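*Asks:* Numbered per the numbering used here, the sequence shown spans residues 1 to 230.
Since the hints were made in silico from the structure, they are not lab data.
If you're wondering where the values come from, they're calculated on a predicted model, not measured in any experiment.
Ideal placement from N, C-alpha and C gives every residue a C-beta, glycine not left out.
It is possible that part of the hints are untrue.
No farther apart than 25 Å at their CA atoms in a straight line, the calculated lysine-lysine pairs in the PhoX-like style are these [unchecked claim]:
id: 1; residue 1: K96; residue 2: K225
id: 2; residue 1: K127; residue 2: K71
id: 3; residue 1: K225; residue 2: K127
id: 4; residue 1: K165; residue 2: K208
id: 5; residue 1: K208; residue 2: K127
id: 6; residue 1: K96; residue 2: K75
id: 7; residue 1: K165; residue 2: K33
id: 8; residue 1: K83; residue 2: K96
id: 9; residue 1: K165; residue 2: K88
id: 10; residue 1: K89; residue 2: K33
id: 11; residue 1: K165; residue 2: K90
id: 12; residue 1: K33; residue 2: K75
id: 13; residue 1: K90; residue 2: K208
id: 14; residue 1: K88; residue 2: K225
FRET-style restraints, in silico, Cβ to Cβ [unchecked claim]:
id: 15; residue 1: M62; residue 2: L212; range: 23 to 33 Å
id: 16; residue 1: I61; residue 2: R120; range: 28 to 38 Å
id: 17; residue 1: S116; residue 2: K90; range: 31 to 41 Å
id: 18; residue 1: E205; residue 2: S45; range: 20 to 30 Å
id: 19; residue 1: L140; residue 2: I65; range: 14 to 24 Å
id: 20; residue 1: K83; residue 2: N114; range: 25 to 35 Å
id: 21; residue 1: F220; residue 2: D104; range: 14 to 24 Å
id: 22; residue 1: K71; residue 2: Y93; range: 15 to 25 Å
id: 23; residue 1: K33; residue 2: M62; range: 33 to 43 Å
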Amino acid sequence: MEAILSLAQNKFTHEHQPESLLVIPFTPVKNNKLDSVFNRFIKRSVDIILGSALVLLLFPIMLPIVAILIKLDSKGPIFFIQKRTGLKKKSFYCLKFRSMVVNDQADRLEVQPNDSRITRVGYYLRKFHIDELPQLINVLVGDMSLVGPRPYMLRHTVVYSRLVKDFHDRHNVKPGLTGLAQMRGYHGIIDTRESLYQRCYSDIEYIKNWSLFGDVSIFFRTLVKIARTL
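Using the sequences and the accompanying hints, generate a full structural model.
*Replies:* Written out as structure tokens, the structure reads:
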């Protein structure tokens, strides 16, 4: 049974439980700071400056090396392109380095513990978050921001919106390459109600309390966190 639906810490999916046990309430986000044109301009400027610097610094070296390793390790494309939910609930094509064998469950089943679909190279790409590097392109074209709520695949957006009241408030801002939830350790598979709650709580807290200093802090703390895994 898919862990993505096992949210009440038992063996039943959300379809088998009363709605009253599933809806996680949140106070709707109103008048968040990124409604301001000036604040959005500042955030976008930081995305372009830092995003461009990372692309120029990392892509010339890492892109060809990772591409060769992926092609040598398994059949399939270098990039994994998947529709995700973005700003104002609009979908966009999210880029990643392919870390799994080509399979027909990629758009409905998130990565599981000891997932047999993960390739040998993909294991290290995911461990060191290198698979997310192409999302810098999403940042530069404006689909994503360096910092914000992580984007979910379309199917998961539908599922979570049934479980979390005002879930779509997180789509009032652009999704991020990293975010407050990830800095708090909430990443990877969502297999419990508590895990879903904590991620959504962190996303809403981020939106309500947004600041430029907060974005810069989360971004560089993410880099430090990744560096410590090397």
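*Asks:* Is 31 to 41 Å right for how far apart the beta carbons of S116 and K90 are?
*Replies:* Distance hint for S116, K90 holds at roughly 34 Å.
*Asks:* Given the hinted pair K90 and K208, is their alpha-carbon gap at most 25 Å?
*Replies:* Holds, at about 21 Å.
*Asks:* Could you grab the alpha-carbon distance between K165 and K208 and see if it respects the 25 Å cut-off?
*Replies:* holds, 16 Å
*Asks:* Holds or violated: are the alpha carbons of K83 and K96 at most 25 Å from each other?
*Replies:* holds, 11 Å
*Asks:* Between K127 and K71, does the CA-CA distance stay at or below 25 Å?
*Replies:* holds, 19 Å
*Asks:* Taking 28 to 38 Å as the stated bounds, is the beta-carbon spacing between I61 and R120 within them?
*Replies:* The hinted range 28 to 38 Å is violated for I61 and R120, with Cβ atoms some 21 Å apart.
*Asks:* Looking only at beta-carbon atoms, does the pair K33, M62 fall within the given range of 33 to 43 Å?
*Replies:* holds, 34 Å
*Asks:* Can the restraint linking K96 and K75 be considered satisfied, given a maximum Cα separation of 25 Å?
*Replies:* Since the Cα atoms of K96 and K75 sit roughly 16 Å apart, the hinted pair holds (cutoff 25 Å).
*Asks:* Does K90 sit within 25 Å of K165, going by the straight-line distance between their CA atoms?
*Replies:* With Cα atoms ~19 Å apart, K165 and K90 stay inside 25 Å; holds.
*Asks:* Can you tell me whether the CB distance of F220 to D104 sits inside 14 to 24 Å?
*Replies:* violated, 39 Å
*Asks:* Is it true that the CA of K208 sits at most 25 Å from the CA of K127?
*Replies:* violated, 31 Å
*Asks:* Does the hinted range 15 to 25 Å hold for K71 and Y93 at CB?
*Replies:* holds, 21 Å
Checked against the numbered hints listed earlier, the structure breaks hints 5, 12, 14, 16 and 21; every other hint is satisfied.
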